[in-house]
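As given, the protein sequences belong to chains H, G and X, one line each in that order. The first sequence stops at residue 1143 when you use this note's numbering, and every number in between is there. The second sequence stops at residue 940 when you use this note's numbering, and every number in between is there. The third sequence stops at residue 1191 when you use this note's numbering, and every number in between is there.
None of these hints come from the bench; they were simulated from the model. Cβ coordinates follow ideal geometry from the N, Cα and C atoms, glycine included. Hints should not be assumed to be uniformly reliable.
[Claimed, not checked] Stretch by stretch, here's where chain G covers chain H in the computed footprint (C-beta under 8 Å, at least three residues):
id: 1; segment: 824 to 838
id: 2; segment: 867 to 878
[Unchecked claim] Ranges of calculated distance between the beta carbons of each label pair, as one might list FRET restraints:
id: 3; chain 1: H; residue 1: A1113; chain 2: G; residue 2: W509; range: 38 to 44 Å
id: 4; chain 1: G; residue 1: L390; chain 2: H; residue 2: T1127; range: 39 to 45 Å
id: 5; chain 1: X; residue 1: R930; chain 2: G; residue 2: P859; range: 46 to 52 Å
id: 6; chain 1: G; residue 1: T425; chain 2: H; residue 2: E996; range: 22 to 28 Å
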Amino acid sequence: MLNARSYMKSARTVAIAPIIFGLLVWASAGYAQEKGRSGGDAMAQLYAAAKKEGTVVIWGPTDAIIYQRMQAALDKQYPGIKIEHFESIPEPLVQRIIAESQAGKPAAVDIIQSGSLRALRPLIDRDMLAPYSGWEKDFGLDAVYAGQRFVGAYNLTLPIAYNTKMVSAQEAPKSWEELAEPKWKGRKLIIEARLVPFAMLGTEWGKGKATELTKKILAQQPIIVQGGTTVANALAGGQVSIAIGTYAYTIERLKKQGAAVDWVPVSPLPVLTSAVGVLKTARHPNGARFFAGWMGTAEGQNIRYATTGQANEVGRTAIGAVAERIKAAQPAIILETDKTFATILEIQRELGKMLGALR
Amino acid sequence: MNIAPSAAAKNVQLRSWSIARKLSVRSLTLGLTLLIVTYLVLIPLFMLLYASIKSTEDKLPFESTVITLGNYTAVLTNPTMASIFLNTFLFTAGSLAVGLPLAILMAWLLERTAIPARRWIATLILVPMTIPSLLSAIAWIQLLDPRIGLINVVLRAVLGWSGDTGPFDIYTLSGMCFVQGLRLVPSAYLMIAASFRAMDPSLEEQSAMAGRGAAQTTLRITLPIMRPALLAMLIYYIIVVIESFDIPGLLGFTARIRVLSTAIYWATHSEVGLPDYGLASALGAMVLAVALLLMWIYQRLTAHQERFATITGKGYRPRQIDLGAWTAPATALCVVYVALAVVLPFLVLAWTSLQPFYAVPSADSLARVSLEGYFRIWQESTVVRALWNTMVLALVTSAATILLAVLVSWFVVRRRKAADGLSHYLATVSFLPQCVPSIVIGLAFIFVYVRFPIPIYGTLWIIALAMTTRYLAYSSRTMTSALMQVHGELEEASQMARAPWARTLRRITMPLLAPAMINVFFWVAVHAMQELSMALMLYNPETVVVSTMIWSMWQNGRTAEAAALGVILILLSALLLLGGQVFLYLRRSSDS
Amino acid sequence: MISVRDLEKSFAGARGEVRALSGVSFEVGKGELFTLLGPSGCGKTTTLRCIAGLELPLAGEIRIEDRPVFSAVDGTFVPPERRNIGMVFQSYAIWPHMTVFQNVAYPLAKEASRSEIGERVARILDRLSLGALADRLAPNLSGGQQQRVALARALVAQPQVLLLDEPLSNLDAKLREQMRFELKALQESFGITTVYVTHDQEEALALSDRIGLMQEGSLVEVGSPADLYLHPAHKITADFLGTANFIPAHVQRGGNQPGDEMLLESPIGSFVARRSVEWQPGMAAQLFFRPECVDLGEETAGADGAPNRGSAIVERVTFLGNAADVIMRCNEVRLRARAHPTRIPAVGQRVCFSVAPGSCMVFRADSSVDVRKRA
């Protein structure tokens, strides 16, 4: 069944391809020019090459529905590229990519995506990602890291979140230090066990101050669980007043759905970078670069934002409710980049020892 | 002339040997069982020991070229290790103290006494296994959270308590032991129920005739007779609790109770790079050492116990003890357990599936009830494939595990007296995968099968194989307990009735073990449906399963959809459970 | 028919190897009912299981109808299912998940058509009066019924040999006696070579054509029930079967050949007995006779001095119904006798006793050990 269908599809593609091809190269080049992008020609060439490859395989934690919608949009604008998506968390995927490539059987994947840059560090360490200058030059994206090996897909902001039924906007903590005040003692806080925001604060404050504050907050008898969703649920369910370690976009979504929750754009504000990188062993390198770049453009961003509420929340291309509030409040931003992730990791490991990590 | 007779004699001899060789379907099976079990266990075990002596900070074990004892020294010289060991001990002992007596009590009540609705309760008691552990722990938090926990709220109102917390706090060591203990009950009940069911009531009757009451009979006759089965269960659950992270992960951080599995969690779930396999494996190796020690003690304690066979082939009619005045409290206990462990988590799950986000039932949240989660999951293009894969995986894994467990337990029980020690070897080795952290099994399978000449890497079969390895411990232990209750003469009678070994196994042993087999089948299927750590390491778009989908949805905040899929999974499990019970019921009713 | 030669077997025990059988040899003739009798732990069941093929002996040879089914020399081992043996287990081992019919039909499953199986099972069930129970499940049968089902299952495939492991021990006393005769009748009508294991001497004496007495892993003595009872060659046999009088004595005249009469001097007088082994005058010996062989009479003059006679004082009398057990004393030696229920002596009465020379046996004084040929 599947074979027959794909055969018919490819036969059809082969038949119409020559006619449509020229048209599309012209049309897309014109489209890019219309937008005033300098790399129009380069993008058109990349698209042509991508279309020749026909497929892009992407592994990462994003909802499959996003890619289903992106596929629909691509089909209208840039037809001929099929997105094959495998939804999974990046850590085991990274291990598999490494193990399989060392066994001499590179994994059949083009793009690896992660909710946090740091998860992809082992791939940078092993130089397994291909740098690409076109993301900046041709797509005009600004979140490009690690020697152009990554392009940001969206941000995850880690604010102080609170339950509006239990805490008024005035009462809500306006700074991280306030969390150490006695009024938050006794199962009133919930904290995600990996303590990511505190580790990121350490890059701004220095390890000592961050560790000190974490220790004080952990002495408040907070509830500590693993998983941002569980944290958000506990807050929305009224189990706690304050939540640390859940994402701003999650809180915005819950708010829209009617939950009594809100968040404070506290300063400094830790912001994670979700990024995509193209593997050196990619079988569809052009398609991968094209799709990774396109996801960062306004079209790609809008689809993602409309589907899940995730988007770039800081920087030039930021959109959406979280971005607007950050823009309005102007907090200092602690952005996860390839420059900071080593420090974040080091502090995070240190903080983990407070909760039972051995090293 | 001299040559002829000796040639004839030689022929006789050769023919005899060929008879001897034909008989060895059994020795062939033994060889094959040994080979398969050894092979299955060796891969993860090798990876565990190999990784534990590799320097793996930011490296995978096979990438690292440095051989070191650093992982062990890091564990042993860590200043927190003493408190971790102490906490692990307390947590394990506490959980077992809650769970096992309850499981034994339930097994006794449901298999031996005449309390009403036994069949219903016996079926319902298994349902908690089908509820993902995260959700059932959340259900417990809904009950026992110091601030919003339902029981606490009600108690505060009833007692006129003034504060806004207490009296119970689930985020304590005793809270953890309580929840973990209750979670053990269904599996432990399954492991022990077969022994109660099979026990020859005349042994109890003799005690009853000697003027002992029911309680005394149980304590002095029933439990001692079941000592090997109980000891095996105890040892298995010691390792299970040491190794499990569900409850320490959800309650332990808050309670500040750090156990061994917390340390393994930190080493293996680093979202900031590669897992620290060296450290995790060194910790796993310690659990392994504990397991080996326990197995050794077990074998010492049961080495020369022969008189535990109890299905004798004499007529036996399970006698049901009339509890008299105790009937009502005993029934109440069962009902309360079912309500707490079955109904409540299921309601929480069902409620979650109907809500855009989790909220305590109220006028507001009632207004938000919708079936959207159930509709939205079908938008996911892979959901049908995932459901199909999950069912295939569950059935294949449980069939393979059962077959292997029956063979392993047969050789363990029936070759106990053989001097070659293969029985001890099988009993011990089949237990060891329980000590290897799932994620290490996953890595071992990637490492071995990506290079394997037979292309099973990236198929459903490799996940099934990993799960079979993992579940061999529970299933072979349960089958061993069940087989210990079947008198060897029943099999010997079949041999004397001209049935070769394989036919005896098929026609006599397996039918007699059918109730235990069905229960283990269900246990494995349900656990295979929920397994996550190994699946995450080994699955791909083709072999996507429901558990990983649920997990992804949950991580992405799609709680309604995750819960809706969870409900579907429970319904599928319930279908399996029902099938097994109907099968047993038909057998039973044809018996009478 | 069955020939067992030099069988050796040992088990791993708590403290090393435990010798279970040492050098057991015997033959069972066609159609014979041969009983292995002995106290529990003597190795009789182990021997039976070796014949069945359920245990693998260390050494020796077992033949059934001249076919070696086990031989340590050339490594022959025929598995139980190919030995053409029917067996009834102590527990009966009726499969609880099958009906009576299914249980009995099981040994036939492969070799015959469905209708033939039905016919043969029906025939054997009828023969054992189980016809009405064919569709019952094992747990719903009484002990006696189960025993019959086990028998039917063992016999249905018309085996060459039937092995019975304490088949009556799980029945109550009355049923046991009834089944004893039924079993014997059945065995005779089938004409099947049978090895029967029991610890119950009454059962053994009543049923057997021949009995092999076992003790601590060795076969002590083989003979017909009457031979073993009345003329045991070994003190152990005499001791194990029934009750016995043992009187310390000295040999006066040994005789030349087996069967000759010999003369002994004992505290209760001189005795003429049949010679078994070689004796020299002056050797210490034990005189043996059964209480049943003691004739009691009124005190009469002239009895003194004659061999095989004496007088004693009655010490105790126990009425048993069909007889009375009499304990009396003669020159500080206690004697036991059986009195006819109508002629019971009174306690304190002096009675005269006599024992026929043919009923007297003589054993070596230390004969409790010498029969055990330890390998």
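Taking the hints in turn, this is what the structure says about them:
1. By the rule of at least three residues with a Cβ nearer than 8 Å to a Cβ of chain G, the coverage given for the segment 824 to 838 of chain H is violated, with 0 such residues.
2. Beta-carbon proximity to chain G at under 8 Å applies to 9 residues in the segment 867 to 878 of chain H; the threshold of 3 is reached and the given coverage holds.
3. Hint check: H:A1113 to G:W509, Cβ distance near 41 Å, so the stated range 38 to 44 Å holds.
4. Separated by about 41 Å at the C-beta atoms, G:L390 and H:T1127 satisfy the suggested range of 39 to 45 Å.
5. The given range of 46 to 52 Å is broken by X:R930 and G:P859, whose C-beta atoms sit roughly 21 Å from each other.
6. The supplied range of 22 to 28 Å is met by G:T425 and H:E996, whose beta-carbon atoms lie about 26 Å from each other.
Hints 1, 5 from the list above are not met by this structure, while the remaining hints are.
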